[in-house]
Amino acid sequence: MTVRLRPHHLLCILTFVGKGYTPAFTANMAVIVGRLAEGEEIEIIEGPDAICAPLLGEPAPHCHRESVVERDLAAAADVGGLLALTIKPGTRFVLDEARIRRLRHAFAKGDTRSACAGCDWRELCGAVAASGYAGSAFS
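The sequence shown lines up with residues 0 to 138 when you count with numbering that gives the first Met the number 0.
Check each hint, because a few of them may be wrong.
Stated by the list, open to error - Capping the alpha-carbon separation at 30 Å, the derived lysine-lysine pairs in BS3-like fashion look like this:
id, residue 1, residue 2
1, Lys-18, Lys-87
2, Lys-18, Lys-108
3, Lys-108, Lys-87
Derived from the structure by calculation, the hints contain no laboratory data.
Construct all of the structure, not just a fragment, from the sequences and the given hints.
What follows is the structure in structure tokens.
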């Protein structure tokens with residue numbers, strides 16, 4: 000199978016430590032991150048993805064906001080440049096150990112965090128990166 004992700008979630012999965020917007024969101028994220036850790040392929044999509052799914056039933060899910068679309072554009076540029084990939088809808092790849100290591104190193108240095116501006120989780124993700132990603136799914 001393939002996990003369909005929007006670009007900024009390529010950063011979110013790096014620091015996932017079992018916290019999220021709701022219990023359903025958190026459980027879903029844990030399953031998805033586990034699949035990716037096992038080597039499942041990613042397909043980049045535009046708009047709400049597999050991670051957003053538990054939030055889409057809300058009256059006004061943030062997944063559709065312009066700020067989130069801008070976050071996707073910033074993440075696509077940062078991650079694409081780092082991994083030498085064109086991150087756009089339809090791009091497929093696997094987050095192997097070498098790519099995860101490069102992403103984490105760049106994230107910890109702040110090189111790939113332009114997409115994190117205005118994110119509610121910015122401080123938590125920064126703390127996880129500063130801890131050496133202790134307790135995160137790809138540990």
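- prompt: Given the hint that Lys-18 pairs with Lys-87, does the C-alpha gap stay at or below 30 Å?
  reply: Holds: Lys-18 and Lys-87 sit about 27 Å apart, inside 30 Å.
message: Check the hint pairing Lys-18 with Lys-108 against an upper bound of 30 Å on the C-alpha distance.
response: Roughly 22 Å separates the two Cα atoms, so the pair holds.
message: Hinted pair, alpha-carbon criterion (30 Å max): Lys-108, Lys-87. Please report holds or violated.
response: Cα-Cα ~24 Å, so holds.
This entry satisfies every hint, going by the numbered hints stated previously.
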